[in-house]
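The primary structure of each chain is shown beneath.
Protein chains: 2
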Amino acid sequence: MQILLTNDDGYRAPGLAALIEIMKPYGQVTVVAPEDMQSGMSSALTTKIPVRLRKITSGKGLEIYACSGTPVDCVKLAMSCILPEKPDLLVSGINHGINASSAVIYSGTLGAAMEGTLYGVPSIGFSLADDAQDADFNSCKIYGTKIIDRTLQHPFAPHVFLNVNFPALPAEKIKGVRLARQHKGSWIKEFEKRTDPHGFDYYWLTGQFVNHEPGALDADENLCRNGYISIVPHQLDMTEYSELQRLQKEWQF
Amino acid sequence: MQILLTNDDGYRAPGLAALIEIMKPYGQVTVVAPEDMQSGMSSALTTKIPVRLRKITSGKGLEIYACSGTPVDCVKLAMSCILPEKPDLLVSGINHGINASSAVIYSGTLGAAMEGTLYGVPSIGFSLADDAQDADFNSCKIYGTKIIDRTLQHPFAPHVFLNVNFPALPAEKIKGVRLARQHKGSWIKEFEKRTDPHGFDYYWLTGQFVNHEPGALDADENLCRNGYISIVPHQLDMTEYSELQRLQKEWQF
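Chains Z and G are the protein sequences, given in the same order.
In terms of my numbering, the first sequence opens at residue 951 and continues consecutively.
In terms of my numbering, the second sequence opens at residue 951 and continues consecutively.
Bear in mind the hints are in silico, worked out from the structure with no lab data behind them.
Treat each hint with caution, since some may be false.
For the chain Z half of the interface with chain G, some residues (derived, Cβ under 7 Å), not all of them [unchecked claim]:
(1) E971
(2) P1000
(3) F1141
(4) T1145
(5) W1201
Far from chain Z by the CB rule (all over 10 Å, computed), these chain G residues [as the list claims (entries may be wrong)]:
(6) E971
(7) E1013
(8) E1035
(9) A1107
(10) N1176
On a predicted model such as this, the values are computed, not experimentally measured, just so you know.
The beta-carbon is built from N, C-alpha and C at its ideal position, and this holds for glycine as well.
Turn these sequences into a full structure, and let the hints guide you.
Dropping the structure here:
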């Protein structure tokens, strides 16, 4: 099996090393990951400047490349210029930090998974609800393998990518694995104003998450925060069909 | 009415000037737009460096700010630090170039509209199917006003944002306005390899659009390419519910 891996934390991230451990037993692994941290890059493309590519290692069953661009650039470059043919599976991550609820919009990890789906490759994003560089990925390794096995036994639909979030818990404390829907939530108080030593203002991105449905037991954010591994099947067609029908009737031009 | 405008082509773009002309008659307009071109930035956030804000003009009914960040940064900064309260309407654009089909994933124009929706503000993205700096926005002005009027008379659902694409035609040649679904399409041959004067390889993003449903008459890409203005109601919940139900049955953990 030909496997493409990427992430948004950069090719040196411990989460990617954990993902390589999970995926190596399944086949030939090619990693194309950003040179540096590209967190919050969504599906951004590098258009104003060219992209550079650097081979890091090449060994038995594993090749690693670093790319100067975004996670989506990494996938596009792998598909266009590195892999001899379409891979059988793409896995992105393991992200250092949760990517549940509306984070699917901002996440570079999931931008890369979306991109794989657009290329017709079954694609999965893995994220651990722990931002730390020294986060413990052991339970991701155990359960990640179970999820990959399930994917190979019972493939998901080709127009779908999976968003998997692992709670920051040892394997024996994880309550289970739940197929879930995308949680409703958003952020407020997002920029903090400061003044630099020269007297000019600048703004740091920050933000507080607002949980729009704190009681929901079938949505990813709450499930992951409560000790479950959540798996959301996402689609690329964002059309709201019921609203489309309603507006077609109401908005006569 | 309090109106927030932004775009991804930068605060000096002619498409934004056309949008200001459309929107000024409706109320107090605040523009927070990128300093420079931020095309293809999707919903990317600026996290590694702080963001700067510069007031460009302040006059009767119109304030313009330039922000060093992405289109989504512009919206977040407007909501957090500029506007005294939530605006009544957000319009992003008018983009220099079509944003139909899967372009909704990559577009900074639409990233900004998504962001408005997350803040509970009715949000619309306008794009013209002409990349040129000297594109003619006259038909956008005529039909853009009709679409804003319709929005105010018959509001769309609060969980939805609208993606409007105008064909590059004079108003009298436009065949009509159609509510539509997101077209299925993707890109191939996306990076072009070159060698720099020092002998090192570099890669430019390029790409060919592949239309996955060339015969579709109800989807935005074909409609816009065939002389219609397309309006797609998009939602932020990307869950694929039928696949969720199927996997819940099939993937027992």
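Hint check results:
With a cut of 7 Å, the hint placing E971 of chain Z at the interface with chain G is violated, because the nearest CB-to-CB distance is about 21 Å. At a threshold of 7 Å, the smallest CB-CB gap from P1000 of chain Z to chain G is about 4 Å, leaving the interface hint in force. Evaluation of the F1141 of chain Z hint against chain G yields a held restraint, the C-beta minimum of about 4 Å falling below 7 Å. Below 7 Å, beta-carbon pairs count as interface contacts, and T1145 of chain Z has none with chain G, the closest being about 11 Å; its hint is therefore violated.
For W1201 of chain Z, the interface hint holds, the least distance from its beta-carbon to any beta-carbon of chain G being 5 Å, beneath 7 Å. No Cβ of chain Z approaches the Cβ of E971 of chain G within 10 Å, the least distance being about 21 Å, so the stated non-interface status holds. Every CB of chain Z is more than 10 Å from the CB of E1013 of chain G (nearest about 16 Å), matching its label as outside the interface. Taking the minimum C-beta to C-beta distance to chain Z, about 13 Å, the non-interface status of E1035 of chain G holds against the 10 Å cut.
With a least CB separation of 5 Å from chain Z, A1107 of chain G falls inside the 10 Å interface cut-off, contrary to its annotation. Distance check for N1176 of chain G against chain Z: the nearest CB is about 16 Å away, which clears 10 Å, and the non-interface claim stands.
Going down the numbered hints, you'll see the structure goes against 1, 4 and 9, while the others check out.
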